[in-house]
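A.B. asks: Next come the chains, spelled out residue by residue.
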Amino acid sequence: MLELKQISAFYGNIQALDRISIQIPEGSIVTLLGANGAGKSSTLKVISQLLPIKSGTMVYKNEDISNLEPNEIVKRRIIHCPENRQVFPKLTVEENLIIGSYLRRDKDQIKKDLSDIFSYFPILKERLKQYASTLSGGEQQMLAIGRALMGNPKVLLLDEPSLGLAPIIVNQIFEIIQEINRKGTSILLVEQNANLALRIADYGYILENGRIGLEGRAEFLRNNDEISKYYLGGKSHAANLY
Amino acid sequence: MKIKRLQILFISILLLGYPLLVGFSSYFIYVAGLFIIYAIMAMSLNLLTGFGGQISIGHAAFLAIGAYTTAILTLKLGLPFWLNLPLSGVITAIVGFLIGLPAVRLSGHFLAIATLAFGLAIPEIMLKWEGLTGGFAGLFIEKPSLFSSDTSFYYFTTVIALIITWLILNLLKGNFGRAFVAIRESEIAAEAMGVNVSLYKTLMFSISAFFTGIAGSLYAYFVGFISPHDFNMNISLIVLAMIVLGGLASITGSILGAFILTIIPQVADRFPGFTITITGAALILTILFLPNGLISLFNYKWKRKKTENKQLSLEG
Numbered sequence: 001m002l003e004l005k006q007i008s009a010f011y012g013n014i015q016a017l018d019r020i021s022i023q024i025p026e027g028s029i030v031t032l033l034g035a036n037g038a039g040k041s042s043t044l045k046v047i048s049q050l051l052p053i054k055s056g057t058m059v060y061k062n063e064d065i066s067n068l069e070p071n072e073i074v075k076r077r078i079i080h081c082p083e084n085r086q087v088f089p090k091l092t093v094e095e096n097l098i099i100g101s102y103l104r105r106d107k108d109q110i111k112k113d114l115s116d117i118f119s120y121f122p123i124l125k126e127r128l129k130q131y132a133s134t135l136s137g138g139e140q141q142m143l144a145i146g147r148a149l150m151g152n153p154k155v156l157l158l159d160e161p162s163l164g165l166a167p168i169i170v171n172q173i174f175e176i177i178q179e180i181n182r183k184g185t186s187i188l189l190v191e192q193n194a195n196l197a198l199r200i201a202d203y204g205y206i207l208e209n210g211r212i213g214l215e216g217r218a219e220f221l222r223n224n225d226e227i228s229k230y231y232l233g234g235k236s237h238a239a240n241l242y
Numbered sequence: 001m002k003i004k005r006l007q008i009l010f011i012s013i014l015l016l017g018y019p020l021l022v023g024f025s026s027y028f029i030y031v032a033g034l035f036i037i038y039a040i041m042a043m044s045l046n047l048l049t050g051f052g053g054q055i056s057i058g059h060a061a062f063l064a065i066g067a068y069t070t071a072i073l074t075l076k077l078g079l080p081f082w083l084n085l086p087l088s089g090v091i092t093a094i095v096g097f098l099i100g101l102p103a104v105r106l107s108g109h110f111l112a113i114a115t116l117a118f119g120l121a122i123p124e125i126m127l128k129w130e131g132l133t134g135g136f137a138g139l140f141i142e143k144p145s146l147f148s149s150d151t152s153f154y155y156f157t158t159v160i161a162l163i164i165t166w167l168i169l170n171l172l173k174g175n176f177g178r179a180f181v182a183i184r185e186s187e188i189a190a191e192a193m194g195v196n197v198s199l200y201k202t203l204m205f206s207i208s209a210f211f212t213g214i215a216g217s218l219y220a221y222f223v224g225f226i227s228p229h230d231f232n233m234n235i236s237l238i239v240l241a242m243i244v245l246g247g248l249a250s251i252t253g254s255i256l257g258a259f260i261l262t263i264i265p266q267v268a269d270r271f272p273g274f275t276i277t278i279t280g281a282a283l284i285l286t287i288l289f290l291p292n293g294l295i296s297l298f299n300y301k302w303k304r305k306k307t308e309n310k311q312l313s314l315e316g
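In order, the protein sequences belong to chains D and Z. Following full-length UniProt numbering, the numbering of the first sequence begins with 1 at its first residue and continues without gaps. Following full-length UniProt numbering, the numbering of the second sequence begins with 1 at its first residue and continues without gaps.
Simulated from the structure, these hints should not be mistaken for laboratory data. From a predicted model like this one, the values you see are computed outputs, not experimental measurements. Please note: incorrect hints may appear among the correct ones.
[Said to hold, decoys possible] Below are the DSS-like pairs computed for lysine-lysine, each with C-alpha atoms no more than 30 Å apart in a straight line: (1) D:75 <-> D:90; (2) Z:173 <-> D:107; (3) D:112 <-> D:154; (4) D:129 <-> D:75; (5) D:125 <-> D:107; (6) D:107 <-> Z:128; (7) Z:173 <-> D:125; (8) D:183 <-> D:229; (9) Z:76 <-> Z:173; (10) D:111 <-> D:125; (11) Z:173 <-> D:111; (12) D:61 <-> D:75; (13) Z:128 <-> D:90; (14) D:129 <-> Z:4; (15) Z:128 <-> D:111; (16) Z:173 <-> D:90; (17) D:5 <-> D:90; (18) D:129 <-> D:183; (19) D:154 <-> D:75; (20) D:75 <-> D:183; (21) D:54 <-> D:129; (22) D:125 <-> D:61; (23) D:183 <-> D:154; (24) D:112 <-> D:90; (25) D:107 <-> D:129; (26) D:125 <-> Z:76; (27) Z:143 <-> Z:128; (28) D:61 <-> D:90; (29) D:54 <-> D:107; (30) D:75 <-> Z:173; (31) Z:128 <-> Z:76; (32) D:129 <-> Z:143; (33) Z:173 <-> D:112; (34) D:129 <-> D:111.
Throw the hints in and build the complete structure from the sequences for me.
C.D. replies: What follows is the structure in structure tokens.
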């Protein structure tokens with residue numbers, strides 16, 4: 001459904017992505033793995049057009065979207081949930097969520113989505129009138145995901161949802177990611193925690209220095225000892241390492 | 001919200017009854033008129049800086065453009081005042097749009113420097129372009145015949161100011177205001193949520209310039225004489241001080257700040273250097289102890305909600 005073909009991108013002179021090709025079929029969870037600086041976040045930024053594409057094409061539902069503005073990407077319901085959460089600290093939880101539906105006009109559906117989000121993350125309902133900056137890290141991550149969901153995504157781009165969170169919260173969030181996916185949203189998941197990501201993903205890409213080093217079905221990547229050892233820091237240690 | 005409404009209702013009643021209170025003394029009406037014009041300007045700047053997070057240290061230049069547009073249209077083209085007022089706003093908004101274009105790429109200190117340069121350049125241009133602006137000698141403008149007395153023009157100014165306040169409050173309540181604040185809080189996240197950041201930044205500058213241009217037009221009529229000196233760097237900095245003192249991202253705060261910093265010079269100018277000292281001290285104390293501005297003393301609702309004291313960054 002969403003396809004990147006031979007995409008390259010730069011930060012100034014520094015090449016971030018070198019001819020990467022990725023497919024996200026409808027209804028799937030695809031994960032991007034790799035070390036720091038491999039180009040995982042850059043790939044998401046390229047899709048949401050926060051980072052301009054230098055060469056290559058991006059196609060969504062048979063439409064070339066390589067040269068669109070970020071807001072036009074959001075209109076096509078490809079929603080980016082950026083790294084480090086990036087909630088609006090001086091706005092309340094409620095206001096943060098409302099901004100997520102910024103480009104939508106379907107008021108009734110927005111209300112329904114809001115109550116869905118509260119069923120995923122009941123804590124947000126309790127915190128509704130609090131400033132986002134007063135939330136804990138895990139709650140902020142929930143808010144960031146909730147805010148992205150308010151855009152009613154067909155494709156959700158999640159950047160390290162487990163970053164800096166306690167394992168129990170991480171498990172909770174990953175369960176909800178699966179739940180969101182079951183309801184028909186395709187997900188592109190960037191993760192450091194490779195084992196966890198491969199457990200819920202259908203397909204995985206491993207990035208190395210801005211290139212795709214390896215790709216394959218999730219269970220293949222997960223069960224191949226050599227790959228785990230070489231790329232993911234060893235199967236048994238992976239969870240502890242990251 | 002309710003408390004803000006009450007505050008504004010209170011201020012409007014006070015303003016409308018004010019000429020009676022001071023026995024139509026022309027000096028007191030003059031000071032009050034100045035305050036109202038500065039209040040419009042402070043609200044416009046707060047829209048840009050407090051809500052939108054885009055700093056402008058050259059806002060007096062917009063005031064100048066509005067004032068000179070009015071004066072030139074009146075003197076050279078003989079246009080009537082009901083046309084001049086909106087035209088001054090529109091022309092200033094166009095300039096604001098042009099200034100907003102580089103602002104899309106600049107942020108923080110760099111934007112501050114760019115607007116500073118703009119604020120310095122405009123009075124200089126007006127000084128040198130004598131054919132159009134009268135240069136150092138300035139321009140004289142008569143009040144429109146409909147509001148020829150100080151008191152009637154004072155009332156007119158008050159009504160315009162109230163309309164502008166209402167417009168800005170409504171603007172901030174809707175999608176516009178949300179986009180502004182989102183940009184201030186995190187540009188990346190705003191962009192990721194589908195806010196067209198470059199468009200809104202230029203819009204912010206245009207809207208802020210529009211209202212400031214109207215304030216400039218009112219200024220030209222109200223004071224009756226304009227010269228480049230009226231719009232120097234000092235004015236830009238004082239208006240910036242007004243919103244910091246009154247309260248960033250607060251409309252009633254802008255009004256309070258404008259009030260205090262219009263009154264202080266009137267009271268203290270007999271003692272040289274006193275005004276600047278008081279203004280400086282007030283600013284430092286506000287930034288240290290009331291980062292949300294003096295208005296936070298009045299906003300009980302805010303106090304209750306205040307869960308953190310982090311200072312609102314001008315650079316954000």
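A.B. asks: Take the hints in turn and mark each one as holding or not.
C.D. replies: Each hint tested on the structure:
A threshold of 30 Å between alpha carbons decides the hint, and for residue 75 (chain D) with residue 90 (chain D) the separation of about 26 Å falls inside it, so the pair holds. Proximity of residue 173 (chain Z) to residue 107 (chain D) is assessed by CA-CA distance (about 17 Å); at most 30 Å being required, the pair is judged to hold. At most 30 Å may separate the alpha-carbon atoms for a hinted pair to count; residue 112 (chain D) and residue 154 (chain D) meet this at roughly 16 Å. For the hint linking residue 129 (chain D) to residue 75 (chain D), the alpha-carbon distance of about 28 Å falls within 30 Å, and the restraint holds.
For a cut-off of 30 Å, the pair hint linking residue 125 (chain D) to residue 107 (chain D) stands: about 19 Å separates their Cα positions. Restraint check: the Cα-Cα separation between residue 107 (chain D) and residue 128 (chain Z) comes to about 55 Å, which exceeds 30 Å; the hinted pair is violated. This hinted pair checks out: residue 173 (chain Z) and residue 125 (chain D) have alpha carbons roughly 22 Å apart, not beyond 30 Å. Distance hint between residue 183 (chain D) and residue 229 (chain D) is unfulfilled; the C-alpha atoms sit about 34 Å from each other, more than 30 Å.
Between residue 76 (chain Z) and residue 173 (chain Z) the alpha-carbon distance is near 40 Å, which puts this suggested pair outside the 30 Å criterion. Of the supplied pair hints, the one linking residue 111 (chain D) and residue 125 (chain D) holds, its CA atoms being roughly 13 Å apart against a limit of 30 Å. As the CA atoms of residue 173 (chain Z) and residue 111 (chain D) are separated by approximately 19 Å, the hinted pair is consistent with the 30 Å bound. Pair hint residue 61 (chain D) plus residue 75 (chain D) holds up; C-alpha atoms about 14 Å apart against a cutoff of 30 Å.
In summary, the hint linking residue 128 (chain Z) to residue 90 (chain D) is not supported, as the alpha carbons are separated by about 45 Å, beyond the 30 Å threshold. Taking the CA atoms of residue 129 (chain D) and residue 4 (chain Z), the gap is about 18 Å. The hint holds against a cut of 30 Å. Distance restraint check for residue 128 (chain Z) and residue 111 (chain D): the Cα-Cα separation of roughly 59 Å exceeds the 30 Å cut-off, and the hinted pair is therefore not satisfied. Between the alpha carbons of residue 173 (chain Z) and residue 90 (chain D) the distance comes to roughly 16 Å, so the proposed pair stays at or under 30 Å and holds.
A distance of roughly 39 Å separates the Cα atoms of residue 5 (chain D) and residue 90 (chain D); the hinted pair therefore is violated under the 30 Å criterion. For the hint pairing residue 129 (chain D) with residue 183 (chain D), the CA-to-CA distance comes to about 28 Å; that is within 30 Å, so the pair holds. Restraint check for residue 154 (chain D) and residue 75 (chain D): the C-alpha separation of about 10 Å stays at or below 30 Å, so the hint holds. Distance check on the hinted pair: residue 75 (chain D) and residue 183 (chain D) sit about 20 Å apart at the alpha-carbon level, within 30 Å; holds.
For the hint linking residue 54 (chain D) to residue 129 (chain D), the alpha-carbon distance of about 42 Å lies beyond 30 Å, and the restraint is violated. Restraint check for residue 125 (chain D) and residue 61 (chain D): not satisfied, since their Cα atoms lie roughly 35 Å apart, outside the 30 Å limit. For a cut-off of 30 Å, the pair hint linking residue 183 (chain D) to residue 154 (chain D) stands: about 10 Å separates their Cα positions. Of the supplied pair hints, the one linking residue 112 (chain D) and residue 90 (chain D) holds, its CA atoms being roughly 25 Å apart against a limit of 30 Å.
Between the alpha carbons of residue 107 (chain D) and residue 129 (chain D) the distance comes to roughly 21 Å, so the proposed pair stays at or under 30 Å and holds. Only pairs whose Cα atoms come within 30 Å are accepted, and residue 125 (chain D) paired with residue 76 (chain Z) is rejected, the gap being roughly 62 Å. Between residue 143 (chain Z) and residue 128 (chain Z) the alpha-carbon distance is near 26 Å, which keeps this suggested pair within the 30 Å criterion. Between the alpha carbons of residue 61 (chain D) and residue 90 (chain D) the distance comes to roughly 37 Å, so the proposed pair goes past 30 Å and is violated.
With a C-alpha separation of about 37 Å, the suggested pair residue 54 (chain D) and residue 107 (chain D) falls outside the 30 Å cut-off, and the hint is violated. For the hint linking residue 75 (chain D) to residue 173 (chain Z), the alpha-carbon distance of about 23 Å falls within 30 Å, and the restraint holds. Using a Cα cut-off of 30 Å, the hinted pair residue 128 (chain Z) and residue 76 (chain Z) holds, with the two alpha carbons roughly 18 Å apart. Taken as a hint, the residue 129 (chain D) and residue 143 (chain Z) pair is broken in the structure, with Cα atoms around 49 Å apart against an allowance of 30 Å.
Our distance criterion of 30 Å between C-alpha atoms is met by residue 173 (chain Z) and residue 112 (chain D), whose separation comes to about 22 Å. Proximity of residue 129 (chain D) to residue 111 (chain D) is assessed by CA-CA distance (about 17 Å); at most 30 Å being required, the pair is judged to hold.
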